[in-house]
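> Residues per chain are reported as follows:
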Amino acid sequence: MRLETIAINNLRRRKSRLAFLIAGLLIGIATVVTLISLSTTLTEDIQIKMENYGANILITPQSDDLSLNYGGINLGGVSLDPQEIREADLSKISGIRNSRNIAAVAPKVLGALEVRGQRVMMMGVDPEKEFQLKKWWKVNGLPLKNEYDLVAGAEVAAKLGLVLGDSVEIGGETFTLTGILANTGSQDDQILIASLPVTQRLLGKEGTVSLVEVAALCGDCPVSEMVTQISEVLPGVNVSAIQQVVKTRMHALDQFRNFSLAVAAVVLLIGALVVFVTMMGSVNERTREIGIFRALGFRRSHIMHLILLESTVVSIVAGILGFLVGMGVTYLVLPLMTENEVSMHWDPLLAGGAVLLALLVGASASFYPALKASRLDPTEALRAL
Amino acid sequence: MPFVHLKQLDKHYESDADCVIALDKLELAIEEGCFLGVMGPSGSGKSTLLSILGGLCHPTSGKVLVDDIDLYGLNSEKRADFRREYLGFVFQSFNLIPYLTALENVMLPLAVKKMPGAEKKQRAVEVLGRVGLSHRIGHLPNQLSGGEQERVAIARALVNEPPLILADEPTGSLDIATSREIMDLFKQLNQEGQTIIMVTHNDEIRPYFDRTVVLRDGAIDSDSARTPKAVPQAG
Ligand SMILES: Nc1ncnc2c1ncn2[C@@H]1O[C@H](COP(=O)(O)OP(=O)(O)OP(=O)(O)O)[C@@H](O)[C@H]1O
Ligand SMILES: [Mg+2]
Numbered sequence: 080m081r082l083e084t085i086a087i088n089n090l091r092r093r094k095s096r097l098a099f100l101i102a103g104l105l106i107g108i109a110t111v112v113t114l115i116s117l118s119t120t121l122t123e124d125i126q127i128k129m130e131n132y133g134a135n136i137l138i139t140p141q142s143d144d145l146s147l148n149y150g151g152i153n154l155g156g157v158s159l160d161p162q163e164i165r166e167a168d169l170s171k172i173s174g175i176r177n178s179r180n181i182a183a184v185a186p187k188v189l190g191a192l193e194v195r196g197q198r199v200m201m202m203g204v205d206p207e208k209e210f211q212l213k214k215w216w217k218v219n220g221l222p223l224k225n226e227y228d229l230v231a232g233a234e235v236a237a238k239l240g241l242v243l244g245d246s247v248e249i250g251g252e253t254f255t256l257t258g259i260l261a262n263t264g265s266q267d268d269q270i271l272i273a274s275l276p277v278t279q280r281l282l283g284k285e286g287t288v289s290l291v292e293v294a295a296l297c298g299d300c301p302v303s304e305m306v307t308q309i310s311e312v313l314p315g316v317n318v319s320a321i322q323q324v325v326k327t328r329m330h331a332l333d334q335f336r337n338f339s340l341a342v343a344a345v346v347l348l349i350g351a352l353v354v355f356v357t358m359m360g361s362v363n364e365r366t367r368e369i370g371i372f373r374a375l376g377f378r379r380s381h382i383m384h385l386i387l388l389e390s391t392v393v394s395i396v397a398g399i400l401g402f403l404v405g406m407g408v409t410y411l412v413l414p415l416m417t418e419n420e421v422s423m424h425w426d427p428l429l430a431g432g433a434v435l436l437a438l439l440v441g442a443s444a445s446f447y448p449a450l451k452a453s454r455l456d457p458t459e460a461l462r463a464l
Numbered sequence: 057m058p059f060v061h062l063k064q065l066d067k068h069y070e071s072d073a074d075c076v077i078a079l080d081k082l083e084l085a086i087e088e089g090c091f092l093g094v095m096g097p098s099g100s101g102k103s104t105l106l107s108i109l110g111g112l113c114h115p116t117s118g119k120v121l122v123d124d125i126d127l128y129g130l131n132s133e134k135r136a137d138f139r140r141e142y143l144g145f146v147f148q149s150f151n152l153i154p155y156l157t158a159l160e161n162v163m164l165p166l167a168v169k170k171m172p173g174a175e176k177k178q179r180a181v182e183v184l185g186r187v188g189l190s191h192r193i194g195h196l197p198n199q200l201s202g203g204e205q206e207r208v209a210i211a212r213a214l215v216n217e218p219p220l221i222l223a224d225e226p227t228g229s230l231d232i233a234t235s236r237e238i239m240d241l242f243k244q245l246n247q248e249g250q251t252i253i254m255v256t257h258n259d260e261i262r263p264y265f266d267r268t269v270v271l272r273d274g275a276i277d278s279d280s281a282r283t284p285k286a287v288p289q290a291g
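In order, the protein sequences belong to chains A and B.
Quick note: the first sequence uses the numbering used here, first residue 80, plus one each step.
Quick note: the second sequence uses the numbering used here, first residue 57, plus one each step.
Please keep in mind that the hints were generated in silico from the structure rather than gathered at the bench.
This one's a predicted model, so the numbers in the text were calculated from it and none came from an experiment.
A virtual CB, placed ideally from N, CA and C, is assigned to each residue, including glycine.
Some clues are possibly wrong.
Output of the computed footprint for chain A on chain B, the stretches with three or more beta carbons under 8 angstroms from beta carbons of chain A [to be verified]:
| no. | segment |
| --- | --- |
| 1 | 104–114 |
| 2 | 128–141 |
| 3 | 167–175 |
| 4 | 267–278 |
Could you build all of it, start to finish, from the sequences and the hints given here?
Structure below.
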């Protein structure tokens, strides 16, 4: 028999009050856990997207007339502009200060060509770099390997009636269709892809490229600095960061996080209030009991200890359950928030934090009731009924 | 030197309207091993006297010395320690903790003592045996009869082996037969050397006391220690 025994027995044999106390705290903790794990997972999701998205820096020719688009990005007047980017200059990029943050430099040449009687967009790429960058490309068949291999976007393949293994005549050269891209929902679906040198020759653009996508290695590298550094080594071209989409999502996520913190704080406060009111009620209900304890020689500090012990047990249970419920809710809600397959992790830090938070809220909400209990006048308390 | 010494004890209850004098210059000395009965009409100050004796309630003035310790010279926490070491309380309404078993209720005073758990349990089992309740140790209070609950309360008062037991109307809610059993138990404890101070207004149990003090309006009206016993001791 120790104070713990009394606390546990009291909790055990007054189950409905125990359930009420735990529920009050649990809801608050679960909300906090859900919101934190959701925003952590979503942040990671965006970071993965940024890495997979590959390009976060785009190099385009300087131009001011006819605009051409690729992937929603203005390429400037690719076909009309006499100043293309010189392929030979690209090696300078590896000389910039932050070069170790560069994962890939993917140059490409773009142009319109006649294939099987229809005008289609053709893109010449450095196969290895391009496929490294476009991780979301799913190729039916094989990606580019040999010089005269050809990969077609899903829609253009359908339009031209291409099937795997077809020979395709383009500008007097014969290509073999080795792969068809699964539908990407982007402009890539409309494009024929071949290796860079051949395409340059077909388009009459030897030694030049229309656009370069540069992938920086991490989600939060100093992209704007890298943009400046690349502009310095490549004068006369446009270098820009294309993080807009991601940035916007990041911003939205930040707002979501702030909003959720506010919500969590409110829910937690309500939880604390539930604990406070229940504990206060419990102390009033137990006035006589506390008088007995005091008569039997319990010190004020023992009474305080007893009440706080009960709130500690409640808090730990509520913390653990709250964490589990929060993770469960995250698991259910996550698919609604992102189309990507992101895995949530069991973060022991979050679990520990949840229990700690529960303890903190539980203890502060029970402190006054405990103090009140310890200050009860034993004679008054014994008379009470 | 008396074991318990009350000196010039005054207790006033002040309210907005008037002031009740519950104890009025009470002077009383009680020897060790005594079975003292405190009697008197309702409102004469019996319970007040007992809670002051028990260190639960400050007197307005005067001193309470137990074993030469000035009770109200101690701070509140020290007085709690004193209650734990020196006193066992038995109340009229038993005052058992409803969510603890008989055994756990008896162990309560030991809960805040540094002592191996096994020894606490052994002591509790032993005193429950002494009050004749060995077969009920796992029961909750609401599964026990009034007499059994009273025995648990007595066992709880005894478990710490206190030099002094204070009882306020311990037979107040029991029938006559059960009252006798309980009083026999108290008498037996007293014969084993236990000092007991018991408040009652039940004249029938007067024969059990070594000495009877009658209060009236907060002062001693009569004290059998100064007059020969009218009734022979019951066995
Ligand atoms: N907390 C209090 N506030 C005001 N007056 C009180 C308080 N407690 C007791 N009294 C008064 O003090 C007097 C003595 O009360 P006490 O309870 O000691 O009487 P008692 O002898 O135990 O009576 P009973 O036999 O009915 O239990 C009574 O007049 C009572 O009204
Ligand atoms: Mg009384």
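> Compare the structure with each hint and give your call.
Hints, verified against the model:
1. 104–114: Holds: 4 residues of the segment 104–114 of chain B have a Cβ under 8 angstroms from chain A.
2. 128–141: Per the Cβ count (8), the hint holds.
3. 167–175: n = 3 at 8 angstroms, threshold three: holds.
4. 267–278: Check failed, 0 qualifying residues.
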